[in-house]
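Chemist: Chain residues, written in single-letter form:
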Amino acid sequence: MWTEQELLMILQGLWETAVIVFVSTFFGYVLGLPLGVLLAVTDSDGIKPHPMLYKVLDVVTNILRSVPFIILLVVLIPLTRAIVGKSYGTAATIVPLVIAAAPFIGRMVESSLKEVDHGVIEAAQSLGAGTFKIIWNVLLAEARTSLLVGVTIAFGTILGYSAMAGAVGGGGLGAIAIRYGYNRWQPNILWPCVIILVLLVQMFQVLGMKISKDLDRRRS
Amino acid sequence: MGEIMIKLENMSKTFVSGSGEVEAVRNIDLEIEKGDIFGIIGLSGAGKSTLVRCLNLLERPTEGKVYVDGRDMLMLTNRELSVVRREIGMIFQHFNLLMQRNVLDNVAFPLEIAGEKKKSAREKAGKYLEIVGLAEKAAAYPAQLSGGQKQRVAIARVLASDPKILLCDEATSALDPQTTKSILSLIKNINRDMGITVVVITHEMSVVQEICNKVAVLDHGRKVEEGSVEELFRKPKTEEAKKLVFSGSAHIRRMHSSRQIRVVFDGKSAFEPILGNIVLELRTPINILYANTQTINGNAEGEMILQLPDNEEIANKMVQYFKEKNLGAEEVNYVD
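As you go down the protein sequences, you meet chains A and B in turn.
When we follow our numbering, the leftmost residue of the first sequence carries the number 4, and every step to the right adds one.
When we follow our numbering, the leftmost residue of the second sequence carries the number 6, and every step to the right adds one.
Quick caveat, the hints were computed from the structure, so don't treat them as lab data.
Every value quoted in this text rests on a predicted model; they were computed, and no experiment measured them.
Quick reminder that beta carbons are idealized off the backbone N, C-alpha and C, glycines included.
Misleading hints may appear alongside valid ones.
Calculated pairs, EDC-like style, for lysine to aspartate or glutamate (alpha carbon to alpha carbon, straight line, at most 16 Å) [claimed, not checked]:
1) B:K240 to B:E306
2) A:K51 to B:E64
3) B:K12 to B:E306
4) A:K136 to B:E306
5) A:K136 to B:E231
6) A:K136 to B:E117
Computed far set for chain B versus chain A, every beta-carbon distance over 10 Å [what the hints assert, rightly or not]:
7) L102
8) E135
9) T298
10) G307
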C-alpha cells in the first residue's frame with residue numbers, strides 16, 4: 004500500500020506538524036496571553052480601565068483577526084524571512100501561525116477572564132490586593148479551567164491553519180495532504196494524513212477537557 | 006462620645022453612564038464610633054451598597070470626604086490604600102470566595118497578599134478557621150459548603166488581615182433565618198471580643214434589631230433618619246423609616262381597610278393592663294391584628310397592630326389614650 008519512502012514521509016510530516024503546532028501554540032500564548040490580560044484589564048469594566056489602550060489593542064486585534072490566514076501568510080513573508088531567514092519550510096510556517104493565532108488567543112483569554120465573578124475581584128480588592136496580584140491570583144487562577152479549554156481550541160485551530168501553510172511551501176501533514184492528495188490525487192497518502200490530523204485534534208480535545216475538568220473545583 | 010472610626014462629610018457619588026447621570030448617594034454626613042455595630046438600612050436601590058463601597062474606596066466618591074480612623078481616604082496613594090484596605094474587612098451577600106482555592110487557602114489569601122510565606126499563612130489561616138468554627142472544613146472547596154459555611158469562611162478570611170472595621174454588605178440576605186441568626190451572632194461576638202467596628206448594610210429591619218446599636222435610614226441616596234435602634238423601632242419619624250419598620254406587619258394591614266394603630270411597648274409598660282383598661286373604660290372591644298416581640302440590644306420590645314372601632318369618636322379617644330400612656334402609638338393606615 005505504501006512504499007517505505009512514503010511511510011517515512013508521513014512520519015516526517017507528523018513530526019513536523021507536531022513541532023509546528025506545539026511551537027506555534029506556545030508562542031501564540033506568549034503573545035496572546037498578555038494581550039488577553041491587557042484587553043480584560045483595560046476594558047471599561049476591567050480592574051484598570053484605560054480606554055485609549057483598550058481601543059488600540061481592540062482595533063489591532065480585530066484587524067489581524069479579519070485578515071484571512073492564507074493572505075496573512077503571504078503578507079508576512081518579509082517578516083518571516085527576517086526572522087527565520089527563509090520563507091518556506093517548517094520554521095517559516097511558525098511565524099505567520101503565531102501572528103494569526105495571537106489575536107485569536109488574546110480574544111479567548113479576554114473572554115475567559117471576563118467570566119470571573121466581579122464580586123470575587125471586588126473581595127480581593129477589599130483585602131488590599133493590587134492589580135498584579137488580582138491578575139495572577141484571581142483572574143488567571145479562577146479562570147484556569149476556561150483558559151485550558153481555550154488552549155485545546157487554539158490547538159485545534161492552529162492545526163487547521165498549519166495545513167494551509169502547506170499551500171505556500173510550509174511543512175507538515177497538511178502540506179503532504181495537499182501535495183500528494185490534491186495535486187497528484189493519491190488517496191493512499193491523502194487519507195492517512197487526514198485521519199492522523201483528525202486523531203490529533205481528537206486526542207488533544209479529550210486530553211484538554213479532562214485536565215480542565217480535573218482542575219475545576221467549582222463542583223461539589 | 007467615643008472615638009470616631011468612620012466619618013463621612015457631605016459625601017456624594019454620581020455615576021455617569023450613557024443614558025445620563027445617576028446620583029447614587031447624596032450629601033451624606035455620618036459618624037460611626039469605634040465599637041459600634043452601625044446599621045444602614047434602606048430599600049433596594051437606596052444607595053446602601055454604593056455608600057458602603059465608598060468607605061473602602063471600591064467606589065470613589067465624586068464629592069465630599071471620607072475619613073477612616075482619622076485618615077483622609079481620598080488623599081492616599083494606591084499603595085497606601087492597599088494597606089489601609091486590609092484594616093477594613095468586607096463580607097458580601099454572595100460570599101465572593103475564590104472558587105478554585107480550598108477553604109484554608111481562601112483564608113490564607115489576604116496573608117499572602119500582605120507578603121507572608123505560604124506555610125505560615127496557612128498556619129495562621131487554620132487559627133482563624135477555628136474562630137469561625139470550620140476547622141474541619143479546611144481542605145474542602147467553597148462549592149462543597151452551605152451558604153452559612155461560606156459566609157463563615159469569608160469572615161475568617163477578613164479576620165486574617167486583623168481588621169479594625171468589618172463592612173457587611175447584605176451579608177445574610179442569601180441565608181435562611183436560622184443561618185442568618187448564627188452568622189449575626191458570630192458578627193456580634195467578633196465585635197465584642199475583638200473590638201472590631203461593624204457596619205451592617207441591610208434591607209431587613211430584623212437584622213438591624215438583632216445586632217445593631219445605631220442605625221441610619223437611607224432613601225433615594227439620602228440619609229433621612231439616624232439614631233438608636235430603639236428610637237427607630239418605637240418612633241420612626243419619616244415615611245421611609247416607617248415603611249421599613251412596619252414591613253413585618255404589612256401583610257396583615259393590607260387585608261384591613263379600617264383605621265389601625267401600632268403600639269410599641271417594653272417591659273416597663275407591662276405593669277399596667279392598658280388594653281384591658283381601654284376596653285373597660287370605653288366599653289368597646291378592640292381587635293388585635295398583629296403582635297410580635299423582638300429583642301433589641303437585649304431588651305424585649307413588643308409591637309401590636311390594633312384595629313380601631315368604626316365609631317370615630319371612640320376611635321379617637323383610644324388613640325388619645327395610647328398616646329397619653331407614652332406607648333409610641335401611631336396610626337398606620339395601610340397605603341400601598
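Chemist: Run through the hints listed earlier and report the numbers of any the structure violates, in increasing order.
Modeler: 3, 4, 5 and 7
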